[in-house]
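Numbered continuously in my numbering, the sequence shown closes out at residue 1797.
You may find that some hints are simply not true.
Claimed, not checked - Only pairs whose alpha carbons sit at most 30 Å apart, straight line, appear in this in silico BS3-like list of lysine-lysine:
id: 1; residue 1: Lys1515; residue 2: Lys1567
id: 2; residue 1: Lys1700; residue 2: Lys1659
id: 3; residue 1: Lys1600; residue 2: Lys1477
id: 4; residue 1: Lys1719; residue 2: Lys1666
id: 5; residue 1: Lys1567; residue 2: Lys1431
id: 6; residue 1: Lys1600; residue 2: Lys1431
id: 7; residue 1: Lys1485; residue 2: Lys1469
id: 8; residue 1: Lys1659; residue 2: Lys1673
What the hints assert, rightly or not - Label-pair distances were calculated between CB atoms; the ranges are:
id: 9; residue 1: Arg1723; residue 2: Glu1749; range: 32 to 42 Å
id: 10; residue 1: Asp1778; residue 2: Lys1484; range: 40 to 50 Å
id: 11; residue 1: Pro1467; residue 2: Glu1749; range: 29 to 39 Å
id: 12; residue 1: Lys1474; residue 2: Glu1749; range: 46 to 56 Å
id: 13; residue 1: Pro1576; residue 2: Lys1700; range: 46 to 56 Å
id: 14; residue 1: Arg1728; residue 2: Thr1563; range: 42 to 52 Å
id: 15; residue 1: Lys1700; residue 2: His1499; range: 45 to 55 Å
id: 16; residue 1: Ser1552; residue 2: Glu1470; range: 36 to 46 Å
id: 17; residue 1: Asn1772; residue 2: Gly1565; range: 44 to 54 Å
id: 18; residue 1: Ser1625; residue 2: Lys1719; range: 20 to 30 Å
FYI, nobody ran anything at the bench for these hints, they're computed from the structure.
The beta-carbon is built from N, C-alpha and C at its ideal position, and this holds for glycine as well.
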Amino acid sequence: MSRVKNKTLILMPYLPLAGYIKFDNLTLWSFEKHKETFIKDIPTKEHIEKLVKCYQYHNKKPIDNPSIVSISGIHFSNPNNQSIKKIEALKNILLVSGILENNSWSFVTSDNFEVFYQRFNIGDEGISTQAGAINNILTGGYKISEVAFAKPEHTNIPFKLRLNGFVVNALEDCLKNSSSNAIKSQIIQSLNPFFNAYRNSHEHSWASRILLLIISFELLFGETGRSRFRNNIQKYSTLDSKFNPPTYKYPIYNRSVITSYEQLTLAQIWAEEFYKLRHKIIHGDTVYSDDFIFKDLIRVVKKREPHFYIAVNFFIVCLLNKLKELGYSRVPHLIINTELKEDGFGKNISGIKDETFKIQDLDFYDLLSKNLA
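Using the sequences plus the hints, can you model the full thing?
Below, the structure written as structure tokens:
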């Protein structure tokens, strides 16, 4: 095998996979599980093994079972801009899929899907790294035997990451058709601000996370405005279900003045208060820590739950139902059910016990109804 200099290792060190995933011309694969099958050239395999061991815990133990991204085969060729954009889209898609399959006991965040690009020459102890979005920094002078890249403390690595293949496939199709279908393009675009909001580090304030989630919703729905937001939240959080939630007479404020009263569901009441928080942030008003906790004006909800976690529940459910509306029937059928008394037949993403806005899984009921029909 000829030695091609200046190759690139595209690594997701904090993503433990059981096998591999095909995504268009990309292959995401477990290095530990598939290195013998995928890398036939022994010098290449031995060199990659040394590079992978540079990614370590703080006790200098190498990260277990990292994943590698390959483009059009296992060649470790340098990626072009189009491939990098596709890898970035894949990160966003995998996060949504991973959230669905890994509940609070096996927590995943955007940090698990971070990608590292590392240039190398086979047989050469020297390596270089490339990082930075605003100021691209290429760093050299490292030696494999001397350098270590420590895992950030805020990144949790689950024992094994599960992914929902139906969701990955649906979003892959949206990506492929995003240039010709405006709705599919909006769906794909909505994933990136969500990805940035769901980082576990302290880089983003809670205010910036709220604004990122608002952007995600507005891209997903393709609409802006408080009343449209309320209506879309209600529509896509209960799509194709028989759930008929109660409504409440609720005051609508504009600059501290009641302008009307609306009959709103509890989901719409949350949407109203979430959008008011958005206004408070972008207009430069003083935002207190208590403002990030949902509370309604008529005291229907007694529990104190953060807006962020409620918004994540709604975004995941609305995204899936938007996909179902487009004909992707095999993605999970989830709704937000505020009347659900227990967490059964649902998913708990946040880890909050007995959430107000519970995610209910209707796939079992859909299957039962189909069999009885």
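Status of each hint after checking the structure:
1. Lys1515 x Lys1567: 29 Å, holds
2. Lys1700 x Lys1659: 20 Å, holds
3. Lys1600 x Lys1477: 35 Å, violated
4. Lys1719 x Lys1666: 27 Å, holds
5. Lys1567 x Lys1431: 16 Å, holds
6. Lys1600 x Lys1431: Roughly 27 Å between the alpha carbons, so the hint for Lys1600 and Lys1431 holds.
7. Lys1485 x Lys1469: Distance ~20 Å between Lys1485 and Lys1469 Cα, so the pair holds.
8. Lys1659 x Lys1673: 19 Å, holds
9. Arg1723 x Glu1749: 32 to 42 Å: This hint holds: roughly 34 Å between Cβ atoms.
10. Asp1778 x Lys1484: 40 to 50 Å: 42 Å, holds
11. Pro1467 x Glu1749: 29 to 39 Å: Since Pro1467 and Glu1749 have Cβ atoms about 51 Å apart, the given range 29 to 39 Å is violated.
12. Lys1474 x Glu1749: 46 to 56 Å: 49 Å, holds
13. Pro1576 x Lys1700: 46 to 56 Å: 34 Å, violated
14. Arg1728 x Thr1563: 42 to 52 Å: Check passed, 46 Å falls within 42 to 52 Å.
15. Lys1700 x His1499: 45 to 55 Å: 52 Å, holds
16. Ser1552 x Glu1470: 36 to 46 Å: For Glu1470 against Ser1552, whose Cβ atoms are near 19 Å apart, the range 36 to 46 Å is violated.
17. Asn1772 x Gly1565: 44 to 54 Å: Hint holds: Cβ distance 47 Å, inside 44 to 54 Å.
18. Ser1625 x Lys1719: 20 to 30 Å: 28 Å, holds
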